[in-house]
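Here are the chains, one letter per residue:
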Amino acid sequence: MPPLLRVSHLTKKFGGLTAVEDFNLEIKPGELVGLIGPNGAGKTTVFNMLTGINKPTAGEIIFEGKKLNDLPPYEIAHLGIARTFQNIRLFTNLTVYENVKTACHQIADYGILDSVFRTAQFRKQETAINAAALQILKLVKLYDRKDEIARNLPYGHQRRLEIARALALRPKLLLLDEPAAGMNPQESAELSEFIDWLRKDFKLTILLIEHHMDVVMNICNRVIVLNFGKTIATGSPAEVQANPAVIEAYLGDEEASA
Amino acid sequence: MILQVENLNVNYGGIHALKDVSLEVEEGEIVTIIGANGAGKSSLLKTISGIVKPSSGKIIFMGQDITRKNPDAVAALGIAHVPEGRKMFANLTVLENLEVGAFLVQGQSQVRRNLEMVYSVFPRLKERSNQLAGTLSGGEQQMLAIARGLMMRPKLLMMDEPSLGLAPVLVNAIFEKIREINREGTTVLLVEQNAHKALKIAHRAYVLETGGILISGPAAQLASNPMIQKAYLGKKVG
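Top to bottom, those sequences are chains R and Y. Start counting the first sequence at 1; every next residue gets the next number (the numbering used here). Start counting the second sequence at 1; every next residue gets the next number (the numbering used here).
Calculated directly from the structure, the hints in this document are not laboratory data. Where is the CB? At the ideal position from N, CA and C, for every residue including glycine. There may be inaccurate statements among the hints.
[As the list claims (entries may be wrong)] With a cut-off of at most 27 Å between alpha-carbon atoms, the simulated DSSO-like pairs for lysine-lysine come out as follows:
#1 R:LYS124 / R:LYS138
#2 R:LYS13 / Y:LYS19
#3 R:LYS141 / Y:LYS126
#4 Y:LYS155 / R:LYS146
#5 R:LYS230 / R:LYS200
#6 Y:LYS87 / Y:LYS177
#7 R:LYS200 / R:LYS28
#8 Y:LYS53 / Y:LYS126
#9 R:LYS141 / R:LYS124
#10 R:LYS200 / R:LYS141
#11 R:LYS203 / R:LYS138
#12 R:LYS230 / R:LYS203
#13 R:LYS141 / Y:LYS230
#14 R:LYS28 / R:LYS55
#15 Y:LYS53 / Y:LYS155
#16 Y:LYS87 / R:LYS138
#17 R:LYS146 / Y:LYS53
#18 R:LYS55 / R:LYS172
[Unchecked claim] Simulated restraints, written as ranges between beta carbons of each label pair:
#19 Y:ILE15 / R:HIS105: 23 to 33 Å
#20 Y:GLU96 / R:LEU17: 13 to 23 Å
#21 Y:GLU180 / R:SER115: 51 to 61 Å
#22 Y:HIS16 / R:THR18: 19 to 29 Å
[As the list claims (entries may be wrong)] Calculated Cβ distances over 10 Å to all of chain Y for the following chain R residues:
#23 MET1
#24 SER8
#25 PRO29
#26 PRO38
#27 GLU64
#28 LEU79
#29 ARG89
#30 TYR97
#31 GLN106
#32 ASN130
#33 GLU178
#34 ARG222
With the hints as constraints, model all of the structure from the sequences given.
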């Protein structure tokens, strides 16, 4: 099977700082790959390059045979790559339901005149959007809170809303940036199951940045470890967890033995 | 007793966020509040610091009723609140952020002394004092958020999820710092999702569930409670 995503020799420099250096990655359809590393290692910068927010200084990003390097973020989203943000980015004054609806625009292809005159086309698609948004809210277990203002949600629920918005784009590749941040062990275990279920039932391909090692260990097929922008290890979760360089840079003694 | 919360009730719109919550913090303690998302942990800290007003109940700090005081007045009495998700001024330097934390401190020489104290706890921040806060790594940002709280030399330091978004090695480092700050005489009220780590450094703990206190006691005792192990500690304990 050809890879869904192929990244080769990807490098990003900000002025004198090399944030990511010679990063390589191939993901096959249906894989769940973890990206871990200390704070400041360059993980989010990789996501920013994959989604067109930062332009790579060197290297190549190929998604379904198409080069993404110079595409703007909205075109990349349209091709099927969706992401969540480490620092949650919601419309804080809109309701939970409205936040998901705004991300459902992929479904809509009516024009401004359709919306002004409320044509049949417009009404039909709006109905489809409403149904899709509600269905996604049920999936992420936020249906009961759909009419709450997003900023009033507890932090962990805001993270789930981020995932809901990414799913609304109907992506092929989902990039999750610390989805379990702010969740307790029970909640992150539930989230792990949910992500694994998404991968299987929706045939999603997922690249996951996460500090909760229990999440990474339970659901990732492979793990890549970054430190100071460089890849210091790749392998199965068990392999990287036993790797001395990873223990020193990332886990510390206690976590490795836990 | 440095802090006493009695039968606190908080409502947001139709949501009863805190239900008859009572807790006590003794001087010199680390007390932790654990619980699921939506349990009301952040609401409790916000109510103590005056950001959210309770519908009933009482908050007594060092013998003084602070229940309806505004946040600046609460801070002036010696309560610092380190918010969830750091909330620094990204476009100010590290030093400027720290100076903001000392806005209630009288006299430049006292501010300088506090700054030296904070730098001795977090030497990394001294190295980065002229860097914009937004360009710090996640771990450094969390150190800055705690350091900003320390700049007013609080009697009570309240922290909302200091381990959020930190790599495992840094989580250990941050908890070690909290212990160090406590040893030097600051009382700590700690809200944490990482219950495993929080119970290790805390003296006592309260478990909050859907707005009410479910159970409380010495941290070591709660850590070995089977119900807590299952709900809040995952399978890591043992």
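How the hints compare with the structure:
Of the supplied pair hints, the one linking LYS124 (chain R) and LYS138 (chain R) holds, its CA atoms being roughly 22 Å apart against a limit of 27 Å. Our distance criterion of 27 Å between C-alpha atoms is broken by LYS13 (chain R) and LYS19 (chain Y), whose separation comes to about 52 Å. In summary, the hint linking LYS141 (chain R) to LYS126 (chain Y) is not supported, as the alpha carbons are separated by about 44 Å, beyond the 27 Å threshold. Taking the CA atoms of LYS155 (chain Y) and LYS146 (chain R), the gap is near 41 Å; set against the 27 Å cutoff, the hint is violated.
For the suggested pair LYS230 (chain R) and LYS200 (chain R), the alpha carbons sit about 31 Å apart, so the restraint of at most 27 Å is broken. Of the supplied pair hints, the one linking LYS87 (chain Y) and LYS177 (chain Y) holds, its CA atoms being roughly 20 Å apart against a limit of 27 Å. Between LYS200 (chain R) and LYS28 (chain R), the direct Cα distance comes to roughly 13 Å. Compliance with the 27 Å bound is thereby established for this hinted pair. With a C-alpha separation of about 37 Å, the suggested pair LYS53 (chain Y) and LYS126 (chain Y) falls outside the 27 Å cut-off, and the hint is violated.
Of the supplied pair hints, the one linking LYS141 (chain R) and LYS124 (chain R) holds, its CA atoms being roughly 26 Å apart against a limit of 27 Å. Straight-line distance between C-alpha atoms of LYS200 (chain R) and LYS141 (chain R) comes to about 18 Å, which keeps the hinted pair within the 27 Å bound. At most 27 Å may separate the alpha-carbon atoms for a hinted pair to count; LYS203 (chain R) and LYS138 (chain R) meet this at roughly 19 Å. Our distance criterion of 27 Å between C-alpha atoms is broken by LYS230 (chain R) and LYS203 (chain R), whose separation comes to about 30 Å.
About 21 Å separates the Cα atoms of LYS141 (chain R) and LYS230 (chain Y), which keeps this hinted pair within 27 Å; it holds. Between LYS28 (chain R) and LYS55 (chain R) the CA atoms are separated by roughly 24 Å; this keeps the pair inside 27 Å, and the hint holds. As the CA atoms of LYS53 (chain Y) and LYS155 (chain Y) are separated by approximately 22 Å, the hinted pair is consistent with the 27 Å bound. A distance of roughly 31 Å separates the Cα atoms of LYS87 (chain Y) and LYS138 (chain R); the hinted pair therefore is violated under the 27 Å criterion.
Between LYS146 (chain R) and LYS53 (chain Y) the alpha-carbon distance is near 25 Å, which keeps this suggested pair within the 27 Å criterion. For the suggested pair LYS55 (chain R) and LYS172 (chain R), the alpha carbons sit about 21 Å apart, so the restraint of at most 27 Å is met. The given range of 23 to 33 Å is respected by ILE15 (chain Y) and HIS105 (chain R), whose C-beta atoms sit roughly 31 Å from each other. With their beta carbons about 22 Å apart, GLU96 (chain Y) and LEU17 (chain R) fall inside the hinted range of 13 to 23 Å.
Between GLU180 (chain Y) and SER115 (chain R) the beta carbons are some 59 Å apart, a value that agrees with the proposed interval 51 to 61 Å. The hinted range of 19 to 29 Å is not satisfied by HIS16 (chain Y) and THR18 (chain R), whose Cβ atoms lie roughly 52 Å apart. Every CB of chain Y is more than 10 Å from the CB of MET1 (chain R) (nearest about 33 Å), matching its label as outside the interface. Every CB of chain Y lies more than 10 Å from the CB of SER8 (chain R), the least distance being 26 Å, so the non-interface label holds.
The Cβ of PRO29 (chain R) lies farther than 10 Å from every Cβ of chain Y, with a closest approach of about 30 Å, so its non-interface assignment holds. Under the 10 Å C-beta cut-off, the non-interface status given to PRO38 (chain R) relative to chain Y is violated; the minimum distance is some 5 Å. In this structure GLU64 (chain R) is separated from chain Y by more than 10 Å, as the shortest Cβ-Cβ distance comes to about 31 Å. Non-interface call for LEU79 (chain R) relative to chain Y: holds, since the shortest CB-CB distance, roughly 29 Å, exceeds 10 Å.
No Cβ of chain Y approaches the Cβ of ARG89 (chain R) within 10 Å, the least distance being about 12 Å, so the stated non-interface status holds. Interface exclusion of TYR97 (chain R) from chain Y stands, the closest Cβ pair being 16 Å apart, more than 10 Å. At roughly 29 Å from the closest C-beta of chain Y, the C-beta of GLN106 (chain R) stays outside 10 Å, upholding its exclusion from the interface. No beta-carbon of chain Y is positioned within 10 Å of the beta-carbon of ASN130 (chain R); the least distance is around 24 Å.
Listed as a non-interface residue, GLU178 (chain R) fails to keep its Cβ farther than 10 Å from every Cβ of chain Y; the least gap is roughly 6 Å. At roughly 19 Å from the closest C-beta of chain Y, the C-beta of ARG222 (chain R) stays outside 10 Å, upholding its exclusion from the interface.
Of the numbered hints listed earlier, those contradicted by the structure are 2, 3, 4, 5, 8, 12, 16, 22, 26 and 33.
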